[in-house]
Amino acid sequence: MSEPARTPISAASAVPQPERLVALAGNPNVGKTTVFNRLTRLRQKVGNYPGVTVERKTGSMVGPDGMPITVIDVPGTYSLNPRSLDEEVAYRVLIGAIEGSRRPDLVVCLIDASNLERNLYLASQVLDLGKPTIVALNMVDAAEGAGIEIDAQKLSEELGVPVIPMVASRGEGLEELQAAICGPLPIPARRKWKLDLAVEESTHALAHRLERDLPGLSPQQRFSDALRALTQKGAAFFEVHHSPAFWSEVREAQAALDRAGVSSEQAEISGRYAWITPLTGRVVERTSLPTTALTDRIDAVLTHRVAGPLFFFLILALIFQSVFAWAGPFMDAIDGATASLGDQVGASLPQGPIRSLLIDGIIAGVGAVIIFLPQILILFFFLGLLEDTGYMARAAFIMDRIMKRVGLSGRSVVPLLSGFACAIPGVMAARTIENQRDRLVTIMVTPLMTCSARLPVYALLIGAFIPAGTLFGFLGTQGLTLLALYVLGVSFAVLAAWALKRFVIKGEQSVFVMELPPYRLPRLRDVLWRMLERSKLFLTRAGTIIFAVAIVLWFLATYPQVGSKPEIEERRAELSALLSGTSGGEPSEELQARLAELDDEQASYALSQSAMGRLGRFIEPAIAPLGYDWKIGVALIASLAAREVAVSALGTIYSMGDADETSSPLVERMRAEVNPKTGRPTWTPLVAASLTVFFVIACQCLATVAVVRRETASWRWPLFMFGYMTALAWAAAFVTYQGGRLLGFA
Amino acid sequence: MSTLRDLKPGERGVVVGWAGASPPTRLLEMGVLQGTEIEVVKLAPLGDPIEVKLRGYHLSLRKQEAEQIEIARAGESS
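Residue numbers (this note's numbering), protein chains in the order written: chain C, 1 to 746; chain L, 747 to 824.
Worth flagging that the hints you see were computed from the coordinates, not collected in a lab.
It should be emphasised that the depicted structure is a prediction, and the values quoted were computed from it without experimental measurement.
Hints may be right or wrong, so weigh each one.
To be verified - Pair by pair, the computed Cβ-Cβ distance ranges are:
id, chain 1, residue 1, chain 2, residue 2, range
1, C, Trp326, L, Pro755, 20 to 30 Å
2, C, Glu157, L, Glu813, 36 to 46 Å
3, L, Pro755, C, Leu483, 35 to 45 Å
4, L, Gln810, C, Trp498, 14 to 24 Å
Stated by the list, open to error - Cross-link-like lysine-lysine pairs, in silico, BS3-like; alpha carbons within 27 Å at most:
id, chain 1, residue 1, chain 2, residue 2
5, C, Lys506, L, Lys754
6, L, Lys754, C, Lys404
7, C, Lys404, L, Lys809
Backbone N, C-alpha and C fix where the C-beta goes; we use that ideal spot for every residue, glycine too.
I would like the entire structure built from these sequences, with the hints used as guidance.
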């Protein structure tokens, strides 16, 4: 990789830079988002790093003399040793080895004053890079509350870089930080911590080798790169950036150290802490004896043996209740707006394919996805609150034992439960999972949780085929069936997670080591901003794919066009004659109704002759073993856009006009439907059961596929997900139908 | 030799070594090193993972990992 900015560090402060690039680094939970939002005043761009799923946030600010400054938000990590994806990206951003980005001119390392010792670990790695660095000492108020006072001046002398105390949530110290960012670039002192001698020598030899390979690197970065390479076991990243000769020397050095029984990894970590621990002692003054912190008192309840889980489920219940209750009116409003937009467009355009494409294809298709936006916004708002208060870590702590059984960790709980509302925010919430393997498995199984879009289909099928009654006198049979479907979905998710972990997504067993950060009052603006950011990503990225799919499905359902069926036209002519006969008075309602029926019949006929109807017939052999005819096949294909479309597709194909799940004519019509081949009813309870099972599992939601594509940055996983879920759905429906027949059900 | 897993909530000790081949790097980076003082705060409601306090902050880890951390109890000589 070529480095665009090869100026030696010492010259950087002398030459005026046209634009200053500032990297904001720090541990998770140190208020990095707040500092970033405040510095850039929300002038931000969010995207992904090329080829990976790590979120890339940049923002801009302007210096006093008009100097443009770009701030990069480095992923929050505990270390720069590139083992996890976040850590690799963090290191690459800091050394300027990211596509489309140069080396930062200045690093702001944000550390938590109330947790100084561990935060200095990352800071020491940042300082080793030899770049101009400023240390921002955040949350000095929390430290003081815990009886800790830090001598910033002394810390600055020890670290050899400016230290700015701040309380970012209240904006304290922000001006000083801004001034420092715009000011002269401070050059850090030389490394003061000591490595194990053998490791030190190996690292120097490797750094020397790098000097020949890449003379443009500063001596500090050469040492840092050499140490990173030496402590890495499978460092694919360094293989790309350094010569094979260097890499073979790394291997030799590693082998030599192994033979000597020295772990370079442990040498680095204990070396750093051996410097940090006494340093912390010198700069920290205990002003009061530690009392029971507020966090501990809150945790006495929130992670209590009994109260903890109760509270966890209470919070979840409240969130889902609000998602449904609060989103309802907005969803109705969007539904209404979509319909009225369709009407308006319809009124202003002549009949024809363009009008149909706009109304039935684009407006209806995109509307079917935007309708989830209120749920997504509300869920993201609550997820943001849980993250920023520190409760998310507690939820993981409480649920880890259960999740471990299926090979996941406590981190997967919230994404999976979000899937009950909608898989899309669930998949996006999986970002909080640090371990990439766990994250991928969580994403792959989240769509199996019963989302709200399945409800209309369930409601139709249950209403049609499960007689309303009670069990043991108080349990409604229809409600019980619905509950059983939820349980079925969860069971399949657990099963799939286990199988995926066991056979497909292999990797190292994750080590569950998670910080339980102190509870903090969230800053509402940060929570709202993140909610909007994530929703925007959903709309723009997923939206474009959905837009395209809506158009494709419309074409399939509309073309090839056939003329009117002659017998329908004959009857229409008869009716029209009758209508004109009743001149003067209002046309009789009965005649109008019969005309509308003819329209529905024509629509049904057109759909059956379209590409989608043909596709339905084409897949009939594949779905016949599940008990479905081609008409159900059409509904399955149409429901690819979104599950609930299945209901209106059945409505169209059974020529019931605009059906919804409560329309009793559709239910009557389905019960009366006879399979021409067998002469028996198409819709038996067994077929309904088989179809329900299919819908429990199948990935009938292209919006989810689009979001998974976005979140995993490749088509491989969304396609795999679609494939495995469809195959599983088919198999389960097959077992249901054929097993039911063997057992003697019709 | 007791391990971190043997400590009851409220008990503390000093890390003296690692059972097993090599300690997970993540734990080392989080500051669980030889000589580090560590206190068990509580167990999760289902008994696993555990919450510990070290270097002034709280960390949770599974018993599986806690078992690998050899501890000299406070007051005990190692």
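Quick rundown of the hints versus the structure:
1. In this structure, C:Trp326 and L:Pro755 break the distance hint of 20 to 30 Å, their C-beta atoms being roughly 40 Å apart.
2. At roughly 42 Å, the beta-carbon separation of C:Glu157 and L:Glu813 lies within the given 36 to 46 Å, and the hint holds.
3. For L:Pro755 paired with C:Leu483, a C-beta distance near 38 Å keeps the hint of 35 to 45 Å intact.
4. L:Gln810 and C:Trp498 have their C-beta atoms about 18 Å apart, which keeps the hinted 14 to 24 Å range intact.
5. Note on C:Lys506 and L:Lys754: the hinted pairing is violated, with a Cα-Cα distance of about 35 Å set against a maximum of 27 Å.
6. Restraint check: the Cα-Cα separation between L:Lys754 and C:Lys404 comes to about 22 Å, which is no more than 27 Å; the hinted pair holds.
7. For the suggested pair C:Lys404 and L:Lys809, the alpha carbons sit about 12 Å apart, so the restraint of at most 27 Å is met.
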